[in-house]
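Asker: So the chains spell out like this:
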Amino acid sequence: MTGATDTRVLTRGEAEDFLYHEAELLDGLQLDRWLELFTDDAVYWVPARYDEADPQRHVSLIYDDRGRIAERVWRLTVGPAHAQIPPSATRRLVTNVRVGPPVEDAVVVRSNFAIFEVRKGTQRAFAGEYEHRLVPHGDGWRIRRRTARLVNCEAPIFNLTFLV
Amino acid sequence: MRRRMETARYPELDHLVRPDRVHGSVYTDPALFAEEMRSIFGRTWVYVAHESEIAQPGDYRSTRIGTQPVIVTRDADGEIHVLLNRCRHRASLVCRERSGNATFFRCPFHGWTYRNSGELLGVPMNRRYSPEYLDKPALGLTPVARVGSYRGLVFASLNPDVPDLVEHLGGVRQYLDRVFLHPAFEKTLNLGAGRNVHEYPANWKHAAEGGVDGYHAITLHETWFKIRDQSPDRPHARLGSRDETIGYSEAHPGGHVLLARWPSDGDVEAFRKAYPEYTSRLESEHGSELLRDFLGQFNVLIFPNLHITLQNLRVITPISPTRTQITMSPMLIGDAPDELNAERLREFEEAFATGSFIAPDDSEAFVCVQEGVAAEVDPWLLLSRGLHDEERLPGGGYRGKPSDETPQRGLFREWKRLLQAGRAA
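Chains as they are written, first to last, in the working numbering: chain A, 176 to 339; chain B, 6 to 430.
By construction, these hints were calculated from the structure, which means they are not laboratory data.
Fair warning: this is a prediction, and the values are worked out from it, not measured in the lab.
Heads up, some of the hints might be wrong.
What the simulated footprint calls covered on chain B by chain A, stretch by stretch (three residues with Cβ under 8 Å from a Cβ of chain A suffice, anywhere in the stretch; the number is not a length) [said to hold, decoys possible]:
1) 189-201
2) 216-228
3) 330-338
4) 346-352
5) 362-376
Pairwise CB distance ranges (calculated) [unchecked claim]:
6) B:Pro-113 <-> A:Gly-188: 44 to 52 Å
7) B:Arg-23 <-> A:Glu-211: 51 to 59 Å
8) B:Arg-297 <-> A:Gly-188: 57 to 65 Å
Every residue gets a Cβ at the ideal spot worked out from N, C-alpha and C, and that includes glycine.
Isolated chain B, as found in the complex (with noise of 0.2 Å):
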């Protein structure tokens, strides 16, 4: 009884998302929001770290499952630990730093030491408790039930009875092993050359349906195209453009949405003539195809916090329904030419920065959803682009030109199932 009471509160769920649109309110309501870090961020597998940040033992990360903290350390064994970054005796943080190398975290508070691999190894003044009140073994930080990891991606989940990780990356899992993570790049792919840490006070998902929009690019980032059109010998993101004949948009179980665009034979040819040695080592070694998927366009997003984009890697982290952080870092290959990841920065800083011509104008764009949600008197978010004519996928999957909506109707069919589930459990 009392629970048919609480949910009650809650709008259902089936009136908020249809096949063909949402209401504003999912960017909104405080009450949904919090029904996401416990159904979405609490029940499936999300994103924490990339491996290369912690390469040695004592290598630790501090970041957020969610809203929240938790820290991913490896131990001196070289096993990754994820856990809840609260002290267990009052809850103050045990980590402040984001990251470093440690062998344990002393609470700045009252002082008690954990293992990094979260045992409590020291409490001070122990003799005012009573042993059944200091058991030393139960007390360690939390680890987060299950952590996972796919060819460096470091996931964890809240959740003890979340699918194994590679049965939750599902169809998607073909596009990071050809693509972002194929063998030629798995072993020396590293966020070695830092961050941009975008904010924009607007709710996350509009980070997550945005960076798989295949229909905004020619609009809101005509003057990204035209710099580029003027400057054909500069390096450029391989963004692609109005061409729907060349790729596609697709929606996986699980949430799981990308985009796909492939290069031209020019532009194979043309990376081929600036790096002859490195393409002719990788197409001996890994065959000619690989080219074409290394300069083709692919934007991942691993539901629900994670965007493998245009050689990088971003990471959402919902603050509040209207406040939302982007970590955005450009993966370096480790054994390529000094020459090509710096192209990879500048690509990076032109696109994606703070600062760049267009990931500030995404953020503007999201702000501008934000504030017109407020007009509610007609409440929809229109999603019907492509809907006619989506090609069914085997294993469960949709598939839709590069422009149109299916990527944003799967994570929405995601985000309600995920919903749904929490509220039956």
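Next comes chain A alone, as it looks inside the complex (with noise of 0.2 Å):
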């Protein structure tokens, strides 16, 4: 799936692109095509503790393997997802992109968020840190692990049933 391609480089600029395409996926509500930015073995992770979470002894706010991210998706697409009757309207602003140092053969790429969700006349503000591992497919890239680090992931939360 991933090969011994890590000699491949993501630049700073290559990184701002995937994400900002990925934002635009998910605030266009293109979900089927979101998912597939996703290796068979991602997992997207939504942490309920902000400092030292750990998904195999703490709970987490969502931990989906990919199984799950299709099941999400097709909740929200095909559904009822009645937390999402009408659906929220996201747009999100992706800033402060660093591409650190790869972990095992994925590269690291971190970034701030900020998500303004509007739904029943209602608007909420999200923020926080993205991680995206990334690994190299064709000539592009596919995430293989997805972290949204939530600023108020110990607060309580009406309905987290958009995508972060």
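With the hints as a guide, bring the two chains together.
Answerer: Written out as structure tokens, the structure is:
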């Protein structure tokens, strides 16, 4: 799936292009295309504690393997997911993009995000840090691990059924 | 005379709560909410913590009894205290952290300092108080009137005359003993995996009722059942389906209500295969019935604020008539295989997390009800399902089919009884 391609380098510009593309798919609710960005062994994680979270010992807000990411997308696109009727409109800002040293054969990209979410006349704001672990795939990249660390992950949350 | 005039402002409780229906104002009226805080949360036993959260001397956990802030502490001798989180000087909180370990609490405002058992230790610049105004033994953090612990569940009551805790738990205690707090799990059960805190803009009773509602899942949670059926090899919460023959709902005196459904023989066999060593140890030490209970679906409400449901513990905290928080924690078993506990985390995240496939849909339904009751031309919510066919239990409870509204009727009977008692007091 990934091969011995750890010589591939991801520049900050390329990382930004990837994140902006992903953000566009999410805010545009093109979720089937978003799903295609993930590897078969991918994990999508939203921790429930701000520091030292370990998904094997601590409960999370979201901890999806690839199968559950697909179920999540199915619920949002076919459903009905009642907490998303009507659906949230979102617009997200992705900034402070940093390409760090690789972990195993994945490139680690960290960025900050701010998401404005509007549903049923109420706007809510969510902020935090993304960590994308990307592996080469053809000419592009695929997500092996996507972590969204919300700064309000320990605070009360009403509805996290839209995609952060 | 004065009292009669005061109570005359309140709507008649017999009008609001009838055998087959409740009036929508029970979810909206600020005067009724204030009365609930006094007469329910102020008069009965309220769950405040699990002992695993304050396991060591000095451990503390701040929480609320209704809307009143309290600190649950374990002192140097291991004794548990529940103290009002309010400085005796000018009422500031003395503890602002959710949990931690401390031998004393120092008020941030003027520095009055209290031992974790409540005694006032120090008052800065105390020479400007004449002795009759600084009776230190009388100025400790106010303890709540009663504290009780049942198999690790810590309850407190602001009412000195509340019945004994074991008596209060009454008929629902057997479900705690048999399932969640069975001796096989009681000693190692813990909330160490942390929590999800939900908040929804609607009344607290929607959650109390919804957690024991065996009628809604097949509709509201339709997508979850489809996902479960499409992926039988993945861990899923043990929710029952439409089958009315394998369980029941119950309402017990005290407002404690529940749903109970048992697993199929196939479910039990599959679990034995998945965890052969653990299950054979459980069965040899505690008998084979235990597995059937362990793998069942039990949703228990210990009135008014504690759900123990499907391997997780939920605490309902009312904030206002139209705002509620629910803290949900998966319960881990300390001596179970790591894979079993990890499976519980994944089940929780699929069903009960704030980003999950079930609990946010419940919150959505609660908000839909809250918005719907504003249409008050016809103010009633119907609770008549199964009313014609309820079985009377020894000890004063009722039993119905799993999808009956027996639990909701039981909850409102106790709601009315406590409010009536509060008005008579």
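Asker: Measuring from beta carbon to beta carbon, are Arg-297 (chain B) and Gly-188 (chain A) in 57 to 65 Å?
Answerer: The hinted range 57 to 65 Å holds for Arg-297 (chain B) and Gly-188 (chain A), with Cβ atoms some 60 Å apart.
Asker: Verify the coverage statement for the stretch 362-376 of chain B against chain A, using a C-beta to C-beta distance below 8 Å and requiring 3 or more qualifying residues.
Answerer: holds (count 6)
Asker: Examine the stretch 216-228 of chain B for residues whose CB is less than 8 Å from any CB of chain A, and state whether their number is three or more.
Answerer: holds (count 3)
Asker: Using C-beta distances, would you say chain A covers the stretch 189-201 of chain B, given that this needs three or more residues below 8 Å?
Answerer: Held - the stretch 189-201 of chain B has 5 residues with a Cβ nearer than 8 Å to chain A, which meets the minimum of three.
Asker: Verify the coverage statement for the stretch 330-338 of chain B against chain A, using a C-beta to C-beta distance below 8 Å and requiring 3 or more qualifying residues.
Answerer: This one holds; 3 residues, not fewer than the three required, reach chain A with a Cβ under 8 Å.
Asker: Holds or violated: 44 to 52 Å for the Cβ distance of Pro-113 (chain B) and Gly-188 (chain A)?
Answerer: holds, 48 Å
Asker: Between Arg-23 (chain B) and Glu-211 (chain A), does the C-beta distance stay in 51 to 59 Å?
Answerer: The hint (51 to 59 Å, Cβ to Cβ) holds, given that Arg-23 (chain B) and Glu-211 (chain A) are roughly 56 Å apart.
Asker: Taking 8 Å as the C-beta cutoff, is the stated coverage of the stretch 346-352 of chain B by chain A satisfied by three or more residues?
Answerer: With 3 residues close enough to chain A, the hint holds.
Against the hints set out earlier in the document, no violation occurs for any number.
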